[in-house]
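Kindly produce the complete structure, drawing on both the sequences and the hints.
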Amino acid sequence: MDAIAFWLPVVWAAIIGIAVALYVILDGFDLGLGILFPFTPEEERRDVMMNSVAPFWDGNETWLVLGGGGLLVAFPLAYAVIMPALYLPIIIMLLGLIFRGVAFEFRWTAKPSHQFWDNAFAYGSIVATFMQGVVLGGYVQGINVQNNQFAGGTFDWLAPFPLFTGLSLLVGYALLGTTWLVMKTEGELAVNARRWAQYLLLAVLVIMAIISLWTPLAFERIADRWFTWPNILYLSPVPLLTALAAFTCWWGLTTGREVVPFMAAVSLFLLGFIGLGISTVPYLVPPTLTFWDTAAVPSSQIFMLVGTLIMLPMILGYTVFVYWTFRGKVREGEGYH
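Counted from 1, the sequence shown has number 99 at position 99 by this note's numbering; the numbering is strictly sequential.
Bear in mind the hints are in silico, worked out from the structure with no lab data behind them. There may be inaccurate statements among the hints.
Said to hold, decoys possible - Within a straight-line C-alpha distance of at most 20 Å, the following computed EDC-like cross-link-like pairs (lysine to aspartate or glutamate) qualify:
(1) Lys111 with Glu43
(2) Lys111 with Glu42
(3) Lys111 with Glu186
(4) Lys329 with Asp156
(5) Lys111 with Glu332
(6) Lys329 with Glu188
(7) Lys329 with Asp2
(8) Lys111 with Glu44
(9) Lys329 with Asp47
(10) Lys329 with Glu258
(11) Lys329 with Asp224
(12) Lys329 with Glu43
Claimed, not checked - Derived Cβ-Cβ restraints for the label pairs, each shown as a range:
(13) Ile92 with Pro160: 17 to 23 Å
(14) Gly153 with Leu95: 43 to 49 Å
(15) Phe247 with Pro55: 29 to 35 Å
Bear in mind that the values here come from a model prediction, so they are computed numbers and not experimental data. The beta-carbon is built from N, C-alpha and C at its ideal position, and this holds for glycine as well.
Written out as structure tokens, the structure reads:
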């Protein structure tokens, strides 16, 4: 294998990994607000919650398009194997995202009869989040491949581990949503969010401990990756940094900090994502097909890489510009709409 054929799939895997991580972080907190909607019946507070993410939510989903599109272009064999294995949860997830996206626009024009759109926003967020967790769990538990084709069943994802990761992601996104509210709102809504975040942080830590025990016990390849020498030494910073991020989040919540809890919660998610990468690399379709097994021909990867390297700085610049423009607290009566 020459150098170009070796490094191009690595570069594309890094681009897709960054896109997925940014999507999880950026869309995670606004999905978290939808998860919290049923626990916040007050009209004015719901308005503030939606206004706090109204300028960002559609841009956040750009990263999902980049991740999915990059997989199709750079790793067509992986796309052809993964999609049939997870078609149903992915389609349901997209329907959930559509419902909540429409709710952003119609809720304001439908007032005062907007109960349907409140439900669309809340349950669209819950369904989309749960299915994202199911997709993640189904991916981690492995996909049955024979002769480079998906050889499993339509409902392989309907198993205890994917369902548990679906519920876990609901808790995780809710933590991101509450810490976002701590940072972006004030008054009783921020006070409630700070209290909810403490309970959610404890729940996230319990879930992370369960997954950390479950995955090596259930999947030998993951146990070999984490608990053989010298891997256990090299990888020890990941759990140590996770504990530090959790402590920082708790400290920020209990000492009245506004930005620290959100940044620490984001760090928790990034460390979890890094742990997932360590468990699966270099397999793009675990436990069978690697980056190189599933990569497109180098000419196709180079052609799309040129376009991506032109567009990526524009997307990043737009994202930074929007977040900077709409920085600061959101108060009742204020909003993007």
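Hints, verified against the model:
1. Lys111 with Glu43: This hinted pair holds, its Cα atoms lying about 11 Å apart.
2. Lys111 with Glu42: Holds, at roughly 14 Å.
3. Lys111 with Glu186: violated (24 Å)
4. Lys329 with Asp156: violated (44 Å)
5. Lys111 with Glu332: Holds - the C-alpha atoms of Glu332 and Lys111 are around 16 Å apart, at most 20 Å.
6. Lys329 with Glu188: This hinted pair holds, its Cα atoms lying about 14 Å apart.
7. Lys329 with Asp2: violated (53 Å)
8. Lys111 with Glu44: Status holds; Cα separation ~12 Å.
9. Lys329 with Asp47: holds (14 Å)
10. Lys329 with Glu258: Cα-Cα ~10 Å, so holds.
11. Lys329 with Asp224: Violated, because 47 Å separates the two Cα atoms, which is more than 20 Å.
12. Lys329 with Glu43: Answer holds: Lys329 to Glu43 is near 18 Å, not above 20 Å.
13. Ile92 with Pro160: 17 to 23 Å: holds (19 Å)
14. Gly153 with Leu95: 43 to 49 Å: Once the Cβ atoms are compared, 22 Å apart, the range 43 to 49 Å for Leu95 and Gly153 is violated.
15. Phe247 with Pro55: 29 to 35 Å: For Phe247 and Pro55 the Cβ distance comes to about 32 Å; the hint holds.
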